[in-house]
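*Asks:* Here the protein sequences line up with chains G and R, keeping their order.
Sequential numbering from 14 applies to the first sequence in my numbering.
Sequential numbering from 14 applies to the second sequence in my numbering.
Possibly wrong hints are sitting among the right ones.
Any copy, or any two copies together, can satisfy a pair, since identical chains are not distinguished.
[As the list claims (entries may be wrong)] Lysine to aspartate or glutamate pairs mimicking EDC-like chemistry, simulated, CA-CA at most 20 Å apart:
#1 337 - 290
#2 94 - 284
#3 403 - 81
#4 313 - 662
#5 363 - 396
#6 58 - 231
#7 302 - 404
#8 224 - 290
#9 654 - 290
#10 107 - 352
#11 313 - 533
#12 363 - 239
#13 107 - 195
#14 342 - 621
#15 666 - 588
#16 306 - 429
#17 306 - 644
#18 665 - 81
#19 302 - 106
#20 313 - 127
#21 367 - 231
Think of the hints as simulated: they come from the structure by calculation, not from any bench.
2 protein chains.
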Amino acid sequence: MRYLPLAATLFICSSFAVSQSQPQLNLMPIPASVQQGSGALPITKTFSVTVAGVHDPALEAGIHRFADQLSRQTGIPFQPKPEAAGTLTVRAEKPIPALLKLGEDESYQLTVTDSGAQITAPNTLGALHGLQTFLQLVTITPQGFVVPSVTIKDQPRFPWRGLMIDVSRHFIPLDVLKRNLDGMAFVKMNVFHWHLSDDQGFRAESKVFPKLTGTGSEGNYYTQEEIRNLISYAHDRGIRVVPEFDTPGHSRSWFVGYPDLASNEGPFTVEDEHGPESVTDPTREETYKFIDKFVEEMGKLFPDAYFHIGGDEVNGKFWDSNPKIQAFKQAHGMKTNQDLQAYYNEHLQKIVAKHHKTMIGWDEILRPDLPKTIVVQSWRGQESLAAAAKEGFSGILSHGYYLDLIYPASRHYAVDPLGGGAASLTAEQQKLILGGEACQWAEWVTPENVDSHIWPRNAAIAERLWSPQSVTDVNSMYARMHAVSFELEFLGLMHNAARDRMLQRMAGTADITALQILADVVEPVQDYNRWDDSKGPIDFHSPLTHLIDAVYPESDSAREFGNLVQKFAQSGYKDPAIETQIRTQLTLWRHNDAALYPLLQQSALLQEDIPVSQNLAMIAAAGLQALDYLDRGLKEPELWKTQQLTVIEQAKKPVAGLLLPVVAPVQQLVEAASGQSPQK
Amino acid sequence: MRYLPLAATLFICSSFAVSQSQPQLNLMPIPASVQQGSGALPITKTFSVTVAGVHDPALEAGIHRFADQLSRQTGIPFQPKPEAAGTLTVRAEKPIPALLKLGEDESYQLTVTDSGAQITAPNTLGALHGLQTFLQLVTITPQGFVVPSVTIKDQPRFPWRGLMIDVSRHFIPLDVLKRNLDGMAFVKMNVFHWHLSDDQGFRAESKVFPKLTGTGSEGNYYTQEEIRNLISYAHDRGIRVVPEFDTPGHSRSWFVGYPDLASNEGPFTVEDEHGPESVTDPTREETYKFIDKFVEEMGKLFPDAYFHIGGDEVNGKFWDSNPKIQAFKQAHGMKTNQDLQAYYNEHLQKIVAKHHKTMIGWDEILRPDLPKTIVVQSWRGQESLAAAAKEGFSGILSHGYYLDLIYPASRHYAVDPLGGGAASLTAEQQKLILGGEACQWAEWVTPENVDSHIWPRNAAIAERLWSPQSVTDVNSMYARMHAVSFELEFLGLMHNAARDRMLQRMAGTADITALQILADVVEPVQDYNRWDDSKGPIDFHSPLTHLIDAVYPESDSAREFGNLVQKFAQSGYKDPAIETQIRTQLTLWRHNDAALYPLLQQSALLQEDIPVSQNLAMIAAAGLQALDYLDRGLKEPELWKTQQLTVIEQAKKPVAGLLLPVVAPVQQLVEAASGQSPQK
C-alpha cells in the first residue's frame, strides 16, 4: 500500500505563481479604515499586555485566549501577567454587557508602532475585536515575528453577522461547535444561530417535555448545562446565541415523543427516513399550551432577545388530508394553508412576545398583519427582504450564503444584503436590513468534515457583513482568505487537517500524495445535485467517508489553473514562462492516475473515483497536446479536436458526485489550438 | 509568500517503491503466536460487541474506547450497545485488579473468522490487549473494511515494558501525557515512569511541602487531583504509574523552597540556568525527616508498589566543598562520595520500605549491601544489569532505549535486555531482568513536538519488550511501524500533524511542499551533540521552533533512498527501473532549493537552513552526474571526483543541528562512478 510506483508518479508542482507579492495586510474582514505606517513591532518572548481600562472577566479571558493563540502562531510561550507598561495596552471604557443586544457598539481602534501597540474601545466587545485584528497582523519576517505599524479604526457595517449550524441532520458535539465559535470570533461574526431541531433529531434538553430528546434524539443532544456552557462560551467571545426550534414543518422529531402535536397519525421515528412525516397541527388548543410551556422554558435557557421559530417549507398535504383541520379552516374562513400558517404564527408570535422575546423566522412567516418587531430571515433573496423592509419589517439575508450548496467563496462574496432587490430601498428602509447569516445545513456533514464545509469560505461572508460595501476585490479576498485559513487551523479548526485524515482512512495508508493531487482538483457537485443523484431518502446514519465528503468545497488548484490559462490567453498564448507553468501542472495531472490507480482499486471507498482520476489524466493529455499545437503555431486536424472535445464532454459529467473544474480551462486551450476564439 | 515560483519547483515524487507488497499482518508488537486463516470479517455498521465474561468497569470503558477508535479508523459511527450475540465476543474470566502488580497475567487469545471474532483472556488486562490487536488488524480492502481471519495466542516476553517521560525540563500537560498513554496501550506497554522532578522544575503537588511546586515549578505542575486522574486513566489501560523524584542529584527544584536540604548555600531558582546548583545534603537528620514525610505523602498518592528515587549523576563537588559534610564522612569512615551516596540510599531504602514501597533507582544506587528487593534501572547497559543480576538484584534496561538521543528505530530495536552482557546469565538470573523502559528526556522537547520524538520509534521498543526474542527482521519492523504510526495518529497522537503545523509556522504559510521535501530528508544530530554545540547552559525558556525541533528524528525518505541505492549496487548499477527511481528522487532534490530559497530567506526561523537546502541540491547534482557516468560506462575524470567529494564532505557537516543522511548513498554512487568498490 505504502509505496506508489515511483516511475509513474513524477512531477508534482508545489504551487502556483499567481500572486507574487502581497503588500496588503492579511486582514479579514478588512477594517473600516487602515493606515499603514513604517516599521514593525517585534513579537518576542518579552511581549506583554497591559489592561488599562475596565477589567472585566470577558476581557481577562479574551487576553488569555489571545496569549494562547499568539503562542501557537509564534511558538513562543506567553503567559499573560499583569504588567505596568506592556507591549500592548488594551483599554476598554465599559465592560461587556451581561446580555448582548443587537447593535452593541463593537468599534475599536488599534495603533501599532515599532515600540508598542494600543487597543482602545468604548467597550470590551470592541477590544476583543481589536485583539483578533492584532493576531491576524502577526507575521514572520527575516527579523522574526512582527506586527507591522498600522493605525486601524474599525466598526462593523451590519449589526447582525451570523453563522447558522444545523445540528439536527447530523449531531455536532459541543467541542466542534466551540472551535467554530472561535473561528467566528476570529472573523468578527457575532451571532450563532443554533438550528436545534428538525425532522432528524431534537437536540436541546427540555425538562418540561423530556421526551423531546428522550425519544427524538437517539441520545444525541445537549443537556441544559451544556447549552448554558456554550452560551457563556459564546458571550465571552462577543457572540449572541439565537436558538431555532423549527415549527410547524421540519418537526418530526417533536412528534416522536408527542404525537398529538402532529397533523396525522404516527408512530413517528427519527431513526427511519422511510417512516411517516407530518407537520404540527395548528388547530388544537393543546398545541399552543405545549408551545407556551416550551417557549417559557427555552426562553429562560436562552437569554438572547430573539427566538427563532423556523416556519419554513410547510408541507400542506398533512393539513389537506386531515378532515378536522379542513373543517377548522372552513370554520375560520381560511382559504389557503398559508392562511392557516399565518394563524399559527400569530399565535406563536404572541406566545414568544409573552415570554419577552422577539420572534424571528424564515420568509414564510411574513404576513403584513404580524407586528413589525418580528425579524425575517430570508432564504429567498434580497427581493423578499426588500419587500419585507418596505412593509416595515426588519430582516437578515441568508440567500446566497448557504455554505452547504458548495459554491465558491467568490459567489458568496458577491452577495450584498443591500444589493439586488434591496438596492432600491430608501436609507431608512435599508436600516431594517440588519445583516446576514451563513447557513450550514447538515445533511452532508459530520463532526469530522463540518469545519471544512464552513471554513475558510465563511470568512468571505464575514467580510461581506463587516467591511465597507466598497470592499469587493475578489483576488484580494482569496489571498487574504488563504492567510486567515492558515491562522484558523492554529486556532484549532480542522478544515485542512481533517481532509488529509479522511484521505488516509480511505487509502489505508499515510502515503497519500497522489490522492491529494486528485483531491486538490475536484469539487463536489453544487446546489442540491447530491440530493437529486441519491436514490430515495438520504440515510442519515450512513458514514460520510467518501472522497466527496473529504474534498474541499472549492478547489484552489483549479481556480489558480484557470487564472493561469486566462493570463496565457491574454498573452496571445505566447508567454513561455506561463506556458511552462501550465505544462508542468498538466504533466503532473497526466501522470498521476498511473500512480493513483493501485491505491484506488484496493479501497472500497475509493473505487468509485477511478473514472475521475482517469478523466483527469485524459484532460491533462488533451491540454498538453493543445500546448504542443500552440507551440508549433499549426492548426490541428479537425479529427483531433473532435476527439478532445469528446473526452472533455465526458469529463464534465460528475462521477461519484465529483466535478473536475479544470476541464473548462483545458477546453479553452483546445479551442485556442483549433484557432477558435477561446471561450470564457 | 504563498506562491512558490512554479518553474523552479518541479518534480516531486510521491514515494518510494521499496516494498511492493505486505502479506504480513500490520501488528506491532508481533504476537507470540499467529496463524493466518482464509477469508476476513467485514466491519460494517452492524458490527457489535458482546461482553461474555466479567463485566468490570475497565473493560466497559475499554470497549467504549475501542468503539471510538474503530469509528475513527473506519468513519463508521459505532455506539457500543450490549448485544446478545455481537460480531466480537469478549470474555475475560477475572476483572482487572484494583492495583496492578508486576507480572500480572496479560495473555489473551484472539480468533477471527469471516463470521465473527472472539477474545478470551484470564483477566481484563489481556482482553484489553486483545482489543488493541483487533484494531491493528482492521484494514481497507476492495470489499470494505475487514479484519483478516486469524488465530492469535499472545503474551508478553517481559513483565516490565515502560516509557519514561521527563516532565521537568519542559512541562508536559496532562492531555499530552494522556494521548501518549493511549499510544502505549496501543503497543501494549504497561509502565508509565513519570520523571516528576529535576533541576528545572518540581511537577507534583505536595500538600505537606507546598513550596516544592509553590516556588519550584513556575506554576507548571500537576495537582494531586490531576495525578489521581492520570493514574486512573493509566489503570484503565492496564498501565502502572511509577513516580520518580530524583535525589540527591538533579534536585535543584527541591531547594528553591527548601534550601536547607542542599549541600551549599542558595538562594536557588528554577528560572535561571546560570544560578547556583547543588545536591542534597545526606548528613543532616532533617533531610531524612523531610524525605520520610514526603515519601509517606507521595506513597499514598501513587499506589504502585515501586517508588523511584533517581539517584543518578550526583556531582560530588558540592559535598567536597562543604566542610561539615567532609567531617561527617571522616567521622563515619567513608572514603568516597559513592560511600556517602550509599549511606544516603540505605536510609532512603528504609524510608521507602517503611511506607510499603519497593525502591527503584538508576545504576548508581546499586551497592551489594542493599536489600535484594530493590530494582536497578540501567542507563549504563546490559553489562551493568548483568552484574546486578549476578548479585541477585532485579533490573530493567534503558540503555539503548533513550529516545532523546535521536537514534533510528532499528538501533533501539537491536538492543535486547537479554543481549550483550546479559546473554551469559543463567536462566534463573535472566528472570531478574524484568524488561526495559524507553526514556524521553525533555531538554529538547515541548508539548508540541514530544509526540514525534516518542512516536513511532517507541513502538519498536515496545515490540522488543513484548514479542519473542526471535522477532528481529528490521524491514518488517519498519513496514509495520509505518502502519502503526498511521493508526496512532487516528488515536490522537500528533507526531505527524504537529510537524507540518510547525513547518507552517516557520514558513508563515500553509504552502510548504518545498519545505516538507527538505524536512523529509534531514535528521537532527544524534547523541548529545546538540548540547555540545549549544553555547553555555541551555535556556529552557527558549522556544523550540526551529527546523531541528520540527523534523522527525529519523528520515524515512533517506533510509528508503539508501535502500534503493543498495539495490542498485546489487544490480551492478545496471537495473534501469531502479535507476529511474533514483534519478527521479535526485531530480526532485536537485531543484528543490530554487523553490525553497525564497521561503527560507524571508523567515527568521528558517534562514539558518539555507545552507542545508543548498547542500541537498549540490549532493543531488553530484548523484545525477554519477548516474550519467554510470550510464555511459565511462570512468569519470579524477578532477570531477575530487570536486564531488569536496561537496560531499561539506554536506556531511551538521548545519543548524541538521544532518543529511542521503549524503552517504550519494557518495556510494560517486565512488561507483569512479570505479572504486562502493563503500557500505
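*Asks:* State the violated hints by number, sorted upward, taking the hints as numbered earlier in the document.
*Replies:* 3, 4, 5, 7, 9, 10, 11, 12, 13, 14, 15, 16, 17, 18, 19, 20, 21
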